[in-house]
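Novice: Here is what each chain is made of, one letter per residue.
Number of protein chains: 2
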Amino acid sequence: MKLLQEYISKKGRLVGKDIVKVDSFLNHQVDPMLMQAMGKEIKRLYEGAEITKILTIEASGIAIAVMAALELGVPMVFAKKNATKNLSPDVYSTTITSFTHGRDYDVRVAKEFLSKDDKILIIDDFLANGAALNGLISLVHQSGAQLAGCAIAIEKGFQDGGKKLRAQGYRIESLAIIDGFDENGVVFRD
Amino acid sequence: MKLLQEYISKKGRLVGKDIVKVDSFLNHQVDPMLMQAMGKEIKRLYEGAEITKILTIEASGIAIAVMAALELGVPMVFAKKNATKNLSPDVYSTTITSFTHGRDYDVRVAKEFLSKDDKILIIDDFLANGAALNGLISLVHQSGAQLAGCAIAIEKGFQDGGKKLRAQGYRIESLAIIDGFDENGVVFRD
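Line by line, the protein sequences give chains A and B.
If you read the first sequence in this note's numbering, its first letter stands for residue 1, the second for the next number, and so on.
If you read the second sequence in this note's numbering, its first letter stands for residue 1, the second for the next number, and so on.
Looking at chain A on its own, in the form it has when it is part of the complex (with noise of 0.2 Å):
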C-alpha cells in the first residue's frame, strides 16, 4: 500500500539497526486518515470472503480495526490484555511472550463474542516473530471459529513470523513489508 509506505518512509524515524518507530502516525499518535485509508484496503482485500467479524488486540490495532469493520459492516472484538473486574470470566486465552515490552501477558476474549459460526479476520498493527498473531489465532481456533486470513499494516520481513504463518497455510496480507534498511532508509518488498 503506496500511502502507508511513505508515511514510514517520510514520518516513521529509525532506532537502531531494524526498529522504524511509527509512534507518530499508527500506534502512539494516530492519523485517522491513513486509518481510514487502511480500513479500506483492507475491505478491498478481503472483500468476497465473507468476514462476520474482526478480532484485534489492545491497543494499536484498535484504530485500523474498527475503521476496516465500518468498512467492511461487521463488529470488531478486541482481546484484552488484563484481567478486569469486568471482564466475564467465560473466556478464551491464551499467554503471548511480547518482545516489545519483554515478558508474558494473557489476552482473552469473551466466549460470547468468538462463535463457531464467525468467520474471523484478525488485524493487527505489526507482525514480527508472530507472536501476537499467533495469540490471537489460538482464540479463533479455541471458538471452533474459521479464520479467513489476517491483515496487518506493517510486517517485518526480516524476521520469520510471517514466512512460518504463509508455510502454514495462513492468508497474511500486510499493507508494507520492511525488508530491511539500507543508505537511503526504508527497503519495502514489491
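By construction, these hints were calculated from the structure, which means they are not laboratory data.
Take these hints with a grain of salt, some might be off.
No copy labels: a pair is met if it fits in one copy or bridges any two.
Said to hold, decoys possible - Within a straight-line C-alpha distance of at most 30 Å, the following computed BS3-like cross-link-like pairs (lysine-lysine) qualify:
#1 Lys111 - Lys21
#2 Lys17 - Lys116
#3 Lys2 - Lys116
#4 Lys21 - Lys81
#5 Lys11 - Lys119
#6 Lys10 - Lys119
#7 Lys17 - Lys43
#8 Lys164 - Lys40
#9 Lys116 - Lys21
#10 Lys40 - Lys2
#11 Lys11 - Lys43
#12 Lys111 - Lys10
#13 Lys81 - Lys111
#14 Lys17 - Lys119
#15 Lys81 - Lys11
#16 Lys163 - Lys119
The hints should help you fit chain B onto chain A, whose structure is shown.
Specialist: Same frame as chain A, now just chain B:
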C-alpha cells in the same frame, strides 16, 4: 444522544445495582457504526472550537476517538498505561487509580505529541468518579496546551466525577448520562 441510549437500553446488561455492561458494543466487542455516529455527534458538539488534537487513553477510548478525529480532521493521541521499550523517556505522566481494575497505574504521553500550541479535546468511554479524566487533564496541563473540553460516551450521573469537573469550569459533554436504574432498566438524564 438517542442512538447511544437505545444501545445501552437494548444491548447493555445490568450487573448488580450500579453497573451496566456495554461490552457487546463499546468496550470489548465494538460496533463500528455506533462509533462513527458518536464521532459525528462529537464533531457537532465541538465544531468551531478549533480543536487541533484529540487525546484519549488506551484501550476503550481509541475506537471512539479515532472516529471523532476523522470527522474533525485532526490527529488523535492515546495515552499509554504501561512503560514500553519503544516509548520515548521524554513523556508527560501521571498516576490514575482505577476503580475498574482496582489498582493504580501510570499513564504517559510522549512530550512531542502535546504542545502548548495545541487545543485539545479529551475523549473517553466512561466517566464515573473522574479518575481517568483528571489524569488526562493533568497531562494536558503539563504540556501547556489549551483544553477545549471533554467528550464522554457514557457518564454515570450518580457518581460525582462529572459534577466536580463541571464545577471546576471544564466543558464536559457526555453522549449519554445514566442517572440510575429502576424497574424498567436504565434511567437517563434528559
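Novice: For every hint, state whether the structure bears it out.
Specialist: Consistency of the hints with the structure:
1. Lys111 - Lys21: between (34 Å within a copy, 15 Å between copies)
2. Lys17 - Lys116: The answer is neither: 43 Å in one copy and 33 Å across copies each exceed 30 Å.
3. Lys2 - Lys116: neither (36 Å within a copy, 33 Å between copies)
4. Lys21 - Lys81: both (22 Å within a copy, 18 Å between copies)
5. Lys11 - Lys119: Between. Shortest inter-copy distance 22 Å satisfies the 30 Å Cα cut-off; intra-copy 35 Å does not.
6. Lys10 - Lys119: between (36 Å within a copy, 25 Å between copies)
7. Lys17 - Lys43: The answer is neither: 33 Å in one copy and 42 Å across copies each exceed 30 Å.
8. Lys164 - Lys40: within (27 Å within a copy, 42 Å between copies)
9. Lys116 - Lys21: This pair counts as between: shortest inter-copy Cα distance 24 Å, intra-copy 37 Å.
10. Lys40 - Lys2: both (13 Å within a copy, 29 Å between copies)
11. Lys11 - Lys43: both (25 Å within a copy, 27 Å between copies)
12. Lys111 - Lys10: between (41 Å within a copy, 20 Å between copies)
13. Lys81 - Lys111: The answer is both: 15 Å in one copy and 26 Å across copies each meet 30 Å.
14. Lys17 - Lys119: neither (38 Å within a copy, 36 Å between copies)
15. Lys81 - Lys11: For Lys81 and Lys11, the Cα distance is within 30 Å both inside one copy (29 Å) and across copies (24 Å).
16. Lys163 - Lys119: For Lys163 and Lys119, only the intra-copy Cα distance (23 Å) is at most 30 Å; the inter-copy one is 44 Å.
When the structure is compared with the earlier hints, violations turn up for hints 2, 3, 7 and 14 and for no others.
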